[in-house]
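Please build the complete structure, drawing on both the sequences and the hints.
Chain by chain, the residues run as shown.
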Amino acid sequence: MKNSEYPQLVTDLSRDLVAQVAPEELPLFRTISEEYSKNPARTLRVHQGKDEDLGFGPSEATVLVTPIVLDVVKAVIKYLVGEIKKSIKKESPEATESRIKLLFKKFTISKDKRDPKPPVGTAPSQPLQQSPGLTTEQLRQVHRLAFEKARQLSLTENQAGLLADSIVGSLTITS
Amino acid sequence: MAVTANTSSNRLNPFIFPSDTTFRFVLLVLAVLGATAFIYGSFFYTFNAQYAYELMVGCLESANTVSSGDPQAGFNGIGTCLAPMNRSVAIWTLSGLGLVLSAAVVLFLVNAPLKIWRNGYQPLSREDAPEILDYLDELCREIGLVRSPSFLVAPLNRTIGGLAFGGLGRYYLVLNGGLIACFYKDRPVFRSVALHELAHVRNGDIDKTYFAMASWRAFVAVALLPFSVSMFFRPANLTSVETDYLFNISIRFAALAVMVYLIYKSVLRVREVYADIRASVHEGHTGSLDRVLATLPDSRFRRWGFLQAHPSPAERRKTLLDTSRLFGSNFWTAFGVGTVVMLAFSSIYWLFSYLTSNSGGFLGLTRGEIASLWAAIILMPLVAGFVVVGIWRERFFAQVAGASSTGVSRLVLGLTLGVVFGQFLSLESVLEMETTSPVIVFFYGILWTLFLFVYLLFLVQWIKSTASAWIDATHPHPSPRLVVIAILITSLVLGFLAGPMFLVYTMGIEFARDGDLIGGIGFVFIWSFLVGASHLHMILLYICLWAFPLASLLWRKPISQETAPAWAFLEPGLVNPPVGLPSAVRNSHPIWLAALIGLGGGLVWCGLILFFYIITRLFITDLPAFIDQQITLITFGLFGFAALAQVAIAIAAAGLTKHLRLVNGLFSVFLAGCMMTGGLILVQLLLPGARLDLGIIWELFSHVIGMGTLLALPVLGILSALAYWMERRATSPVTPAPVVS
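Residue numbers (our numbering), protein chains in the order written: chain A, 1 to 175; chain B, 176 to 916.
The reader is advised that the hints may include incorrect statements.
As the list claims (entries may be wrong) - DSS-like mimics (lysine-lysine), calculated; alpha carbons at most 30 Å apart, straight line: (1) A:Lys-38 <-> B:Lys-290; (2) A:Lys-149 <-> B:Lys-360; (3) A:Lys-78 <-> A:Lys-149; (4) A:Lys-149 <-> A:Lys-85; (5) B:Lys-360 <-> A:Lys-38.
What the hints assert, rightly or not - Reference listing, derived: stretches of chain B covered by chain A, where coverage requires no fewer than 3 residues with Cβ under 8 Å from a Cβ of chain A: (6) 318–331; (7) 334–341; (8) 364–376; (9) 483–493.
If you're looking for bench data, these hints aren't it; they were derived computationally from the structure. Even glycine gets a Cβ: it sits at the ideal position worked out from N, Cα and C.
Next up, the structure:
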């Protein structure tokens, strides 16, 4: 199984989202994302440990948001890759990754403030503020996708909504 | 209910005494070894059935021919003839023990690295969680750990829990993903759970737990599975004797396996309670541990709680709130101790006997006596530890918490039935069933059980009196180490008392096997009163029985303040409640009264003996000839009269003194015995042509003291128990409910 088309991108974006929706899980983020990159399905399964008999006691499992965020972000990126490929048929993966990055504020506005150079693979003549962005319909689609995926992975409606909102909030919109 | 409410009422400190985890761990190891000895011993007979049968038949026939009516010669002949086979059984048994122990050690050593690899635990790095690591280091300091364990993380485990493991000074603390998330969301919960896991390290139960686990697994792999497999590969055409043998072995084997498993689970359960309490002391007044426990699912504990590795959350919360639940005695633990000790006793005794079948006695003790003494010395610290700590806890609760004394009948009954069950489980009992008269053996067993019950009743009452005296005496001094000293001394006492008991049982049953019940009982009586009771070590033991508790008077200081000592409580900063016993009782130790009764009674007895002597001189002209003719009657008459008089004196002393009845009774018996010995020496000097040397003086002294004390022991035990029962009826005791086993 191919874990992710752009694993580093998934990790980078997910870390920001975890910081927003479940900051208490940040100490776990590195280890969980490493596990996720090795075996996403295993990471998403509910683990209660094989040594509960010798641990504190047989408590109920809580929901860890981090694996879900990673999986939702992966799904969103997959969707965005599909959208990009609709318009540009042939492009290197690096170039596609750069285009995806342009869709996220993290890699545009904030980065622009530190370094005005455009991301690799983008046309130098194209100003960053005029990044392609997503249409309202596409944003709506991203929201729906993120929400449904998060719900499917057992997040509550509130948490799923918050995650979907955060993802949409992190994307740029067509100017 | 939160612990905050509890802490304000000042909980008793269970850490003054060695925890039950240690006892149950030792019990488990002994159970594993005892069961393994049983299984490997039975392997020998299973795989060498034909050889063993032919050898036994041959030895019996040759012994009958050689002995020509001399039972002792016949007995010795059988022993010599069977020696090669017995040594083989011993070698098989020792090999099995070696295999199980080696496997347990290996499993224990590889456990930690294997666990880390298998579960994918990862180090909790400073890069990821600097704040959490600093906080954990701080918790380690708070709970009193000199060295922090290595912190690991189980990132995918979503439960709010953790796990402490490791061994030999290298420990790990795993924090589940769910718990890490709590660090920022609910810090008190994180703190409580982390403290609970660190408390396992602080309580020193990690090594015990994981060695217990390794022992259980080694037992399954090296003993249980091979035995089960061997049961399936049997010839189809078994004789009825072989079928009976296999049936008897299988029943015992199943019982042993179940027992080992239950003890293993009880080790896991009891350590959780102590970890909870340790954590609650350090968690502050948040009640968060109680809150976490309240969230744990309770349903799986409603049935089959004894198979679980944790006490039910409800039980944990109750004990957290009221630690006095750890101060009561538990029938099933006592039963387990009795069973395991008897099983192990039997194995050690026979192993020692088999391995030394060609050697002689030592220091006047026979080979059998030495074997039983060794077995007792090895095992009695466990029994003593369990009984002493159980009773000391109960006395401590009664005196410090201001509650009335509670009964120890559960403990005595559990121990007695456990010993009987242990005897039933032993391999020897299977072999005995092949050759004995079952009805007579059954009745002998019942009589022996009654004898054992009374004997244990005395011992328990004695330990209770000793505990009372010493707890009372050391009241102003924070000296919990005294318990350890008490355990050592009581171990010696029990060791010297239990060794002969087992020997008496083993030899008495030889008569019962031949259908001679009266002979068996007679042997027990004669050996106990004429041989065993007058050995030097037994006399020293009898002196110890009253000297050790009365020595507490030397430590006694005037009570200046009627408050319990700070070390008695988990939260010593709070106001300590007043001690339970009124000072009038605490200060009254009528040792002088017991001494007076003993000396006075002894003097009266001497007067009576002198009177009889004078009467005899008046009416019998040739006294030396009369004594020669009636020597047995006179000897038994004098010693018997002395023993009965000592019992009467003991009853008077115990009845007239309100405190430490049993100890005072024993003290008066000893003093009376000394006086009586003096009287007998005087009579001996008056006899025409009689000689007197140190040997004769020792014989007189040891038999008077030995027989008198041995006869007084059960009487005093029953009397103390009755007195306690009557006192208890007059008051309403606050009984500490036993904690979940």
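Quick rundown of the hints versus the structure:
no.: 1; hint: A:Lys-38 <-> B:Lys-290; in the structure: holds (20 Å)
no.: 2; hint: A:Lys-149 <-> B:Lys-360; in the structure: holds (25 Å)
no.: 3; hint: A:Lys-78 <-> A:Lys-149; in the structure: holds (13 Å)
no.: 4; hint: A:Lys-149 <-> A:Lys-85; in the structure: holds (22 Å)
no.: 5; hint: B:Lys-360 <-> A:Lys-38; in the structure: holds (28 Å)
no.: 6; hint: 318–331; in the structure: holds (count 4)
no.: 7; hint: 334–341; in the structure: holds (count 6)
no.: 8; hint: 364–376; in the structure: holds (count 3)
no.: 9; hint: 483–493; in the structure: holds (count 4)
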